Each structure stands twice: as C-alpha cells, then as structure tokens.
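Asks: Starting from the known structure of chain A, arrange chain B on it as the hints suggest.
2 protein chains.
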Amino acid sequence: MPSYTAPIKDIQYVLHDVLNISGSDIPGYADLEPEFTEAIFDAAGQLASEVIAPLNVVGDKEGCTLENGVITTPTGFKEAFEQVKEGGWPGLDMPEEFGGQGMPYVINTAVGEMFSAANQAFTMYQGLTHGAASAILVHGTDQQKATYLPKMTSCDWTGTMNLTEPHCGTDLGLMRTKAEPLADGSYKISGQKIFISAGDHDMSENVIHLVLAKIVGGPEGIKGVSLFIVPKFIVDEDGNPGAKNGVSVGSIEEKMGIHGNSTCVMNYDEATGYLLGTEHKGMRAMFTMMNEARLGVGMQGLAQAEAAYQNAVIYAKDRLQGRAVTGVENPDSPADPLIVHPDIRRNLMDQKSFIEGARAFMLWGAQLIDQAHRSEDKDADGLISLMTPVLKGFLTDKGYEATVNAQQVYGGHGYIEEWGMSQFTRDARIAMIYEGANGVQALDLVGRKLATDGGKHVMAFFEMVKSFCKENGEGDMAEFVDPLKAASKDLQGAGMFFMQNGMKNPNAALSGSYDFMHLFGYVCLGLMWARMAKVSLAALENGTDDAEFHQNKLTTARYYMARQLPMTGTLLKRIESGADPVMTLPAEAF
Amino acid sequence: MPSYTAPIKDIQYVLHDVLNISGSDIPGYADLEPEFTEAIFDAAGQLASEVIAPLNVVGDKEGCTLENGVITTPTGFKEAFEQVKEGGWPGLDMPEEFGGQGMPYVINTAVGEMFSAANQAFTMYQGLTHGAASAILVHGTDQQKATYLPKMTSCDWTGTMNLTEPHCGTDLGLMRTKAEPLADGSYKISGQKIFISAGDHDMSENVIHLVLAKIVGGPEGIKGVSLFIVPKFIVDEDGNPGAKNGVSVGSIEEKMGIHGNSTCVMNYDEATGYLLGTEHKGMRAMFTMMNEARLGVGMQGLAQAEAAYQNAVIYAKDRLQGRAVTGVENPDSPADPLIVHPDIRRNLMDQKSFIEGARAFMLWGAQLIDQAHRSEDKDADGLISLMTPVLKGFLTDKGYEATVNAQQVYGGHGYIEEWGMSQFTRDARIAMIYEGANGVQALDLVGRKLATDGGKHVMAFFEMVKSFCKENGEGDMAEFVDPLKAASKDLQGAGMFFMQNGMKNPNAALSGSYDFMHLFGYVCLGLMWARMAKVSLAALENGTDDAEFHQNKLTTARYYMARQLPMTGTLLKRIESGADPVMTLPAEAF
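Sequence order for the protein chains is A and B. Counting along the first sequence from 1, when you hit position 548 you're at 548 in our numbering, and nothing is skipped either side. All you need for our numbering is the position in the second sequence, starting with 1, plus 590.
No farther apart than 25 Å at their CA atoms in a straight line, the calculated lysine to any residue pairs in the SDA-like style are these:
| no. | chain 1 | residue 1 | chain 2 | residue 2 |
| --- | --- | --- | --- | --- |
| 1 | A | K178 | B | R913 |
| 2 | B | K778 | B | G811 |
| 3 | A | K223 | B | P924 |
Keep in mind the hints are simulated off the structure, nothing from the lab. Owing to the predicted nature of the structure, the values given are computational and were not obtained by experimental measurement.
This is chain A alone, in the form it adopts within the complex:
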C-alpha cells in the first residue's frame, strides 16, 4: 500500500527562504515565523500520514454506498473526519468570530496540499465546505452568517456547490433549476443538479447546499441566475437542524476515481432556499472565491503528483532489475535498483522538478491572494486573477502527467490496483475537469484575463520577470536566468501574436489558448526555479549547514532549465500557426 510523508522541509523552504513570509507586511504574516509554521505542519503532516493517507486505498475500494436514501462513507472516514475536526483544521483560515483560527490562506494552502496528497476524496468533504462557507462569509446577511458559519467552520455541517445540470456545465445560462419566491422572502427551489461532490453523507449533522437557480420571471440566460442556500435540514429557531427539506439524493455517480467522495445527483423538489447575495447576481456570488477555488484544484494536481512521486521513488530504490550501464553498482545483489537507470531518473526528475517548482508557484499564488484580500492590494489581485487559470490548468495537466509517469516506474505492478499507483492517476484525472475544464481555463486566460485592465497585469508579469533577469543575470545565476529569459521571450512573442491577430480573428488567439496556458505555466515555474536557485546559491555562499539540500535544489533547477523549459519553443510555434490549422476542417469531416 502506498505511503505518504508530508514534504515539510520543502514547504518551509518555499515559505521562508523563497517567499520570506514572516518578513512580509501582509496583515497576519508577521506571526508566521519558521518555528510556528513548522509546528503547524508537523501536526498536519502527522495527521495526513497516519490517519488520512491509510484511508486512501480503503476509500477507493469501498466507495460510498446509497441505501434507502442514506449514504455511507467508506470504513474509517467518519472517525478520521472527527479527528480533522478536533484539530480545528477545517477552520484554519476562517475568521475567529465564527470559531476559526484566522490564519492566512497561504498556511491553509500548505496544509491543504498535505491532506489532498494523503487522500483527495476524503479532503474534498472539508474543501467543499470551505468553499461554500467562504461564499456565505462574503455574501451572507449577518443572520445567515450567524446561522451557518460556526457550524461550517467546524465542519459539523458540511457544504456543497450546485452548478451543473445534465445538459449544462460550462454554459450555465442554459440552466433549468427554478426558484419561486414565497411571501416570507424565501424561495421554493426545484430542479436537478449533477456531479455534486460531497452531496450527502453520514459524517455531518447537516449539509448546506449552495444552489444556482433561476428566479421565475427573471431575465433570460446567465443574467437571471441567482444563488441560494438550501440546507438539507432546515435550521430551527435554536439553530439546530430541524425539518427535512425537499432535497434528496438521486444517485451516486460511478466515477473513474475519487471513489471515497460521494458525488451525487441531487434532486430539489420545492425545497426551501434562501437567497444568498443579490437577485440575479448568482454567478458573481458563486465565483467570488474563484481564485482560491481554482488554486485549490491546481493544488490537487500537485498533491497527487507528490504522493505518486514519493511512492515511485521508494519503488525505484527498492526494486532490483538490471545493471547500471556504466558498471555494477550493487555487487552483492542479483541486480541493481531501478534508480541506476538513466530513463528511470529522467522520469523521476521530470516529476520532482515539476512538483517543487509547482509548489513554489502555488504558495506564491496563495501569498498573492492574501495580499489582495488582507492588504487590499489591487495589483496583487490583478496578478493572481491572471495567473489563476494557469495555476489550475497547468498544475492539473502536469500533475496528472506526473502521476502517469510515477505509475510507469512500477512497470506491470503500476497497472495492478493492489499497488495503489493507478489510484493516483484516476484521482488526479478529475482535477483537469472540474472547477472549469482546462480548456475553459485557457479560454478564460486568453479571452479575458490577458486584456483585463488594458493588459496591465500581464505587462506587470513580464516586467517582473524582466527585472528579475536584469538584477540576477550575472555570475552563477546566468545558467538559470538565460533559459528563463529565452522562455519569457517566447511568452511575450505569443502575447504579441495574439495582439496582432486576435482582434481581426478571435480564433487566431483561441486556437493557441491551450498552448499559451502551458507556455505561461512553464515560464512561471522557470521563474520560481530561478528564484529558488538564487536563494540556494546565496545559502551556499553564506556557508549554510545544509549544503546538500541546497546543492540538490540547484541540480533540480538545472534539470528544469535544461529539460522542461525548452518546451516553450514548441508551444510558441504552435501558437504562431494561428487559426487555419485548427479551424479549416469542416465539422462533418471530423
């Protein structure tokens, strides 16, 4: 069975050595000294390794079962969920007035990586609750906040997000779920929602559904969509779950992975709902916390990659097969371990250089979100909004690829469920799809985010990379900065191509949108690796007592620069081929 150990040292390195969080003037960051965060991560890491991770395979095998309308989660989930709640983990970054710990989002993200890596299906129960609670926090009335947030902060009640219907996912304007206004100000909600993660289960006293629906008589299409709070049990005057509401589970979806999460078809039959936020502004309310939600999914891509990588490394060191081409390394054994073989190393280095770069990118993104919210910094908000589709799309695509590579290290055993490597790929696959399929992320990036505020944020990004390269391009840093410069030039070239061609023909830009999302991602990870190289070179220069650690960072940075970053050249060529190759074939010829 696979194991998981939280990569605390690497997380600490990014947060403190690279991002210097406790030196930041973002409110709440001054407290985040290395000793303090380490204590948090030690506790979270232990819970992840010892309690949550062992249930990963169990959840995959057993799945959730629906009997007589009641869903049972896999063996052990309930007890583990109690431990997570007791530790106060679900409320880590929720406000103290609702029982949370008021920590910055960056800490929540670091802990989230651990829990997700340990068991994505399990961790989604609190993840969805967090998302729903955040929407109530921003858009709820004082009474709604008082009613729902304390219980959701503790995860005594869990939450869900209800968007998709059988005939519409991305295009929510086609939605059919209806809300009929009642005299008392509440609504009757009727319709069917599908793909509802954590839709119902036996781990919480109540489930608070956030449901998108159209108020009868409102505007057509997406402009008539509102957001509603629809509790499974209507909360009585004492704040306790009371009468059963008109919401029921239609079925549990049979999925490729994340079997431990109860993904439901939910039926709303004149269920009582309460408007959250403003009438007809449901999309805005649902997507208020979009940057966090999408970064959170990008994090899942990274997290599954990390878990799969750890197990691939264990196997590569353990499994004896063949001899090193440069001479026997293990003369006392009948064969050398897999890790002597160049192609196994190539595979593992691909994973490692992605994971560590992605972690830095993700935590930087989380810091920007804190900066945007806690410091009300509009530039930070613009930059993270620009990078959010990249964090979601690139990290989940490359994270999935990493899990496939990790599985490959196991040879035939990678295909046998008993070894657990298949689960990492099957679970990681969903992150490319939900919370906006990656093609939609690319569309958001190229069709919307690039041009936001007159292109100000993408220009700021280019300027940031340029300044970094200018300030750090000499001496030992040249080997890291030169490839970053070249890649950044490819990214700017792509942006230029879109500017010159996208106005005349939007398809010329959108045909290359997916490539651009990846190109952007490669450059972001390149920037992070260059920043890490700078930190580790300085540490070595200053006589660190952990020279090996920093040397290894430099080695991994070199791998990234030599073997990952050159992808930008191919991506630029694809982009510059424009619309014709993509758009010419008649639809009937496919």
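Replies: Positioned in the frame of chain A, the structure of chain B alone reads:
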C-alpha cells in the same frame, strides 16, 4: 454507451493509395486488390461494430471471475468468440496447412486494429494465441506443430506467454521457475508467473502456455533460460485434451483496465512441459516474433485512440454549450455545438492527425514485416527492427494521450463510467507497460538498434527521408516537405549527439533515449503525412471524384506539420542536454 465504426475508407487509402500494396512484389500481395481487401474489411468491420464493440463496456463492468479454480469471462464473450472463430479471423495470416488463410500480416494488422478498437480486452484472447502459435510455428518440431497449430489457428485452443515473475519483469535473468528434465525428454516445470493475459478462461477447450524457465543445472542468468510448451490439459494420443496438467490459476489480478481479459497469476507445480526450440535459447525463441508482437501493441494504442476519438467527435457535434466566438452558428438552438470552439477543435485535430499518421506508420511497418519474411529482405528486416520500439513506444504513449484528450471533450461526463470514455484511457494505459515498458523500448532503440549492423539501418532511414524530400520538395509539396526536413535534421542532430557522446559516456545517450524514441516517432509520422499529402495532391490534380476526402487529408497534414511536428525542436534540446541534468542528483536525494 460508446459506439465504434471501422475506418475502412482510411485503411483502404493507406493500403492502396499510399502503400500500393497490390503493386508490390512481396509474395501474396498481388492478390490484395482494393475490392478484395474491402470485402474482408467490411466483414471484419461489421463484426467489430455489431458483435465485439457492444461487449466492451460489459467486459469492463463485469470483469472475469474465479470460482473454485474456474474462470468465467463476461456475459456474451463466449458467444462472440464463437463468431470470431466461425469467421476464421484468428487464422487470417496463419499457414493454410494448419487451417489458416495464409494472408499477409498487413491484412491481419488492419483487421486487428478494428477488433482492438472495438474491445481490447476481448481481442487479446486471440492475440495471445496468435503470438504463442507463431512461436510454435517457427521453433516447434513437426510433431509439436501438428499437435498444437491446427487447434490454435482456429482458437479452439488459446495460448499464453509466461515471462514475468513477482520479482522480475524486464530482467528475466533473475527468473526462478525451474524445469527438471525427465527420462522421456519432457520436463517438470515449477514456479509462479504473474500478469499472464488470458491465463485461463471458459472460451477454449485447452490453454497452451508458453513458459520461460531455467533447466536445472544450466547456465546462470539469462543464458540459462529455455522455453516450454505447457498445456493446461495434456494432449492425448488422439490429439484431444486429456489429463489435467500441474498448472493452476492462483488468482485474477485486479487491474486498472482491460477487465474483460483474465490476467492471471499462474502456478506451475511439477507441470509437464515440452522444450520449444533449443535448450537455453528460450529468450530467442520467445522473442522471435517480437517485431510483430510489439507492432501489435503499438496498434492497440492507435486503436483505443481511434475508438475514443470517434466518440469524442459524436459528443462534440451533439452537445450544445456556449456560442462560437465569431458569431452564433446555431440560431435555432439555445447554444452551439462544442465543435465550434477552437480549443475543442484543437483537441480533436490533435487526435485525428495522430491517428491517421499512426495508422499509415503502422501499416507501413506491417508491410516491412511481410517484406522481411515473405521476400526474405534483410534491409526491410533491419529497418523494421529499428522502428519497432518506436512503433510500440510512440504509438502507445501518444495513443494514451489521445484517449485522455477524448475524455476531456466530455467534461464532467468523461469522468463518469456510464459514458465509457474513462474505459478507453484505462484500457489504453496497459499498452505503455506490457510487451516491454516504453522506457525499455527507448533503451532498445538507443542502446541496441541504432548501432545494429554498424548503424546501417538508421542511415538507410535518414537516406529515405532525404530522398523523399529531395524528390518532392518543390511546388505544392514544399509546405509539407520543409517541416519534415527540419524535423529530420533534428533527428539526425540527436543521432550525431549520441555518436559523439555515447561512447565516452553511455548515460549521455541513455538520458535522452525516451526523447529520441518520441523524436523518431514524430519524424516517422511526418514522413507518412508528407507521403499522404503527395498522394492526395496528385489525386486532386488528376480530378478525383472524392475531392473532399483528399482536401481533408491535406488539411490534417497541415495541422500535423504546424502543430505536432515542431515538438522535435524541444526533444532535440532535451537530448543535447546530455547526462548531467539526469544523473547528477544523488539517489538518496530523490
């Protein structure tokens, strides 16, 4: 539920327009007129669509079950297998003297694609039998041939290949299964084999296992491995299955996919075995038909991609979601079909340009195999041996990628098992692993095949591409030949790098072996697309009455040249970065 239609027109185009098979002087090819092959493909395609494909989902859901030592295949498999047998399909390219139809391998390959696309797990039962029968055909005594081949040609008896043991897959020198010689010339075989596809089941009267084992007292390691025929039921003097042999099923492996195939742990307990071929030359005997076997697995990658692609296209045309960015295309509907969106087209064109290029490459490879065997052409043999790891590794990697892309078109529905798209990815995943994991293919290519006969075959390949470019580089062909030239230059650059660095340091070559396998694959598909472009340009020039078909080929060729082939530049850069990025990190730092 997914559907499947055999792409007969595309297959005919490759065989006749591109490869001109009936004009070839390979023995048996003169009969392969278009009308004749079309009749075969029509019959095979109908069987594939109507009988085999509908069982694909059934096989995935039900899997095989083992009870009291007896394996039951999924509902309907037995009846469908009877229909396959009645049609004589398993013996299509087996010699007539054993009941086969004596057709060239190229026809078998084209039909194999259809059956594999329809249902890979099902088709493996005859595929394994074919492999085992081929080994007996080449290495068996007259008596062995007479005993086994008629029954295996008809698939009344099926076959298996037993290589892997729990502790060794690639490194078979570590094998522990033993063969003890008996006075009557037979052997007692004892040991455990794992991952035995079609290891046992209820569709055949007997199972003929080919088992690698070490004869007691023989040489150490791989040089002491021999191949044995071990029938499930020992064949009596009348040629009928008689006494039960000492072979039993330990368990059925729980796998990520191909659930309809009974992948078994097989236990041999003093089972009676008969030496096949020469003592201690078991590896050679097992791998005699290696080129066919590996091309056959490459074909599976292509086949799953084709099946997944067909269903992605159906969904992309059917599903209404969003509006075309250039203006509403479907004013009478609430939304436009997915296929109007550039990124959906980009996704589908990626699949299409891969699939059609790969099919041409595969059928060309099959033709070379026929040329090598039927015309005893050593150059053809050298060329196909060189390209075999590329056919296996590149087609399965890219085929898998295509199935993942096809699944992505479905959005959330792609993750729900009910829709069947997940199965294509789960089934396609195994082809990257079995019959030599793709990393081992890359090692075979760079560590062995490049240097075979003093590098003669790779030079011949370069020369072939060069001549083609020289002869066809002008006029309308320039847009196809120029990118091919550039890509071929990258491939030669990589070969040059290996020559200059690989002797001093084998790791410098092996670190880039995987990239080289892909680089070679991209160039091969580029060559095939250039050849197809030439054919279709000529057809249009000559006033074909199917102008649309040929125009669409040119459009797809342009896509491949513009958006797939540029990958060679990145691959060359990775290769030229050599051993250091891959080999520097200490093993303990992973």
